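Chemist: Residue numbers (our numbering), protein chains in the order written: chain A, 1 to 440; chain B, 1 to 440.
If you are wondering where the hints come from, they were derived from the structure by calculation, not from laboratory data.
There could be a bad hint or two in this list.
Below, in silico cross-link-like pairs of lysine-lysine (BS3-like), each with a Cα-Cα straight-line distance of 25 Å or less [to be verified]:
1. B:K359 / B:K45
2. B:K31 / A:K218
3. B:K403 / B:K31
4. A:K264 / A:K225
5. A:K330 / B:K218
6. A:K37 / A:K403
7. B:K430 / A:K410
8. A:K359 / A:K37
9. A:K359 / A:K31
None of the values given here were measured: they were computed from a predicted structure.
Protein chains: 2
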Amino acid sequence: MDTLFSNVTVVTMDEELRVLFSAFVGVTDGKISYLSKEAPTEQPKQIINGEGMVLMPGLINCHTHLPMSPLRGYADDVDLATWLNDYIFPREDRLDGRCVKAATLLSIAECLRFGTTSVSDMYYFCDEVAQAVAESGIKANISRAITYFGDDFDFEKDSRCQELVALKEKWHGYDNSRIRIEAAIHGEYTSNHQVWEQVSDYAKAEGLRMHVHLSETKSEHEGAKERHGLTPAQVLDCHRVFDVPAIAAHCVWVEDEDMQLLAKRGVTAVHNPCSNLKLASGCARVQDMVKAGMNVALGTDSNASNNTLDLFEEIRAATYMAKGASLDPKALPAQAALLMATVCGARAQGRQDECGMIKLGLDADLILLDFTQPHLMPCHNVMSHLAYCVNGHDVVMTMVRGKILYSAGKYHTIDLNAVVKEFADYVMPKMFGREEEKLG
Amino acid sequence: MDTLFSNVTVVTMDEELRVLFSAFVGVTDGKISYLSKEAPTEQPKQIINGEGMVLMPGLINCHTHLPMSPLRGYADDVDLATWLNDYIFPREDRLDGRCVKAATLLSIAECLRFGTTSVSDMYYFCDEVAQAVAESGIKANISRAITYFGDDFDFEKDSRCQELVALKEKWHGYDNSRIRIEAAIHGEYTSNHQVWEQVSDYAKAEGLRMHVHLSETKSEHEGAKERHGLTPAQVLDCHRVFDVPAIAAHCVWVEDEDMQLLAKRGVTAVHNPCSNLKLASGCARVQDMVKAGMNVALGTDSNASNNTLDLFEEIRAATYMAKGASLDPKALPAQAALLMATVCGARAQGRQDECGMIKLGLDADLILLDFTQPHLMPCHNVMSHLAYCVNGHDVVMTMVRGKILYSAGKYHTIDLNAVVKEFADYVMPKMFGREEEKLG
């Protein structure tokens, strides 16, 4: 046994949502190898004293854009069109692979610090995203967002699609599938049926999953109906996008029939409550989607629109938003929101046999939280505290496949000082120019 | 000069909302005595290096019930009637002064840790609340909630009112007005016109301010209209409650005419977004109240309904709720929410000449935040980060009147171990009985 967590409160997130007090969790060769109220007889190489601590599965962030960290807080309190056209797009135009690598490492440091062990990322310069993921030890499903505004799309000739192909060849399955590559169509409104069909056919042929933005804003949703006489979900479905397992990010404006369709097609909705509130996109009908039989997971969206990657904040925001919108304090209870951030996230990533629970044989993707602080006293109900009192700052250790990537303020795979220096020397001057170098 | 913060980013919250970079703030005899981009010539007794840090005014929590910490997370995800009748009231019946003192100290530790330097509290066993406040060094406006369900109320004979009188005699003005006593009517629906008039007349005669719950739930608001043909704001106003400066907590269901009335009477609305969302009370129309000319401050409500006393979470929740409800991302920008938690809070407490800004001559009620962590990089706009990225965990020092009460994990006036022991030995057994002692 490599590591033993002793005398710890274990929130398993298993089928019975068991919580074990003063329990023991052992890790061997990156897997959970022991789980009991009794101490093991075997001597572990390392013991982590879990007194006063809670051990739970690492959180799974199913929709984000890690390379956007340089734009965090760059344009708040403006409308979406201004945000995109006057602030985000002009700066993104200046990005290069070197920026993306440093930016992704900074975001991964934030993820690890706040207890996230796996992410579903959609962006570009994905080779550099994958390099950062590979170095850092986090898990990721990485997708290259395809946009296309012409009318003669050819997958074989399109440079973005060829990036996807190269990415798949180089990174899909890396490190025993710690990295997986997915296909991605940015959205219905940023491409056409040629793209949808050809990218989806490629994904199906290669056994890749799909990541797409869906009905995030009212104008996007209504626009599709004007353009096609169909909702975004319906039109993408007609053109084979949901022939492979898919993540549909946001789903704020999906209609009842969309929910039925998406449930039947096994599509996961990824709810991003903080982004949806901050950008005023609307309120996703999470409970209705669950009732319709959809898998619903959680995401942070990028730290340019949120502005943090703390998934515990999304857990709380999801419960608050559901209760507030329905005027029902029983709506989306703590357990349901915690499931969205763990078990449902693993399912959304196709990793349900690998992580999302504390269970023998699964990967040791584990986080430890300090429950001895004043704001967590007393503790009548651990899961309630995880939803309503905890945030990412309470995480004191983050482990992926048995390897500690973050603990007590230290990043064990990321040289944060080097990242900060790279931001000062290269990323900020490149993206914001000399006149704004001071911002770095 | 007692203390100098050097090379620090200063968010003044002054009339021009100035932010000074690499600045110097000096503290002498509990007051802010120096504020400049230049280092002072005078040698301070103590220098706090502010590089990478942000210094801002301590936050002001204008509606809470500090002694409720033993009930934190005791009953979540239930409807309000069940929460009150089956969980909260039966446990509150077991409270005594000793419980209240320990519970208040625990809550104050949480406040200090999260950057709150002044609170407006409404509860009972207020002598013990005042003792805890006095010992801890935090500022507080303390009020004894009056409820009365009979029809022959007599202020002179009512034990609760006599508690208020004793409280006022003993504590009002304590430590150069660090503690102030206020009158409090729990709510329109928990008392009658005899109470409103007699308590208000006492407050007016003694120069006390008033604290009242107002239109928190729809049933409370509509109930008043059925009972009196008037809204809660109107009926309380008719019976002299707003003859003194008042805090009206919640104001979720106030109508346009109420806003006009409350603005005219100088009443502060205290917005408690997390509590209102979690208990599904509704969405206060903050922007309309501000437009009507009302002062609007922020509160956490108790940690039984929230479930933390982190006012930074309320700042973010206030902005999110306003944007989400209006579908306007420009609604309630960062600066407006930060003003609610500082300047508007000081005004609500009658402390506007004493705190709420960083300004020469005001009390040195200051908090220091560590801006060197990954989730705060880069920093394009400090005030945006304070609203959208920061939470109470980023606070590394809390000072009231020049005295450091919390720094780097240490409480300098509260013996947290003793409080924890008192919870285990007395509070939890007393409130939850033998069968539930383990919960402590």
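Chemist: With reference to the structure, classify each hint as holding or not holding.
Modeler: Structure-based check of all given hints:
{"no.": "1", "hint": "B:K359 / B:K45", "in the structure": "holds, 21 Å"}
{"no.": "2", "hint": "B:K31 / A:K218", "in the structure": "violated, 52 Å"}
{"no.": "3", "hint": "B:K403 / B:K31", "in the structure": "holds, 10 Å"}
{"no.": "4", "hint": "A:K264 / A:K225", "in the structure": "holds, 21 Å"}
{"no.": "5", "hint": "A:K330 / B:K218", "in the structure": "holds, 17 Å"}
{"no.": "6", "hint": "A:K37 / A:K403", "in the structure": "holds, 23 Å"}
{"no.": "7", "hint": "B:K430 / A:K410", "in the structure": "violated, 41 Å"}
{"no.": "8", "hint": "A:K359 / A:K37", "in the structure": "holds, 14 Å"}
{"no.": "9", "hint": "A:K359 / A:K31", "in the structure": "holds, 9 Å"}
Hint compliance for this structure: hints 2, 7 are broken, all remaining hints hold.
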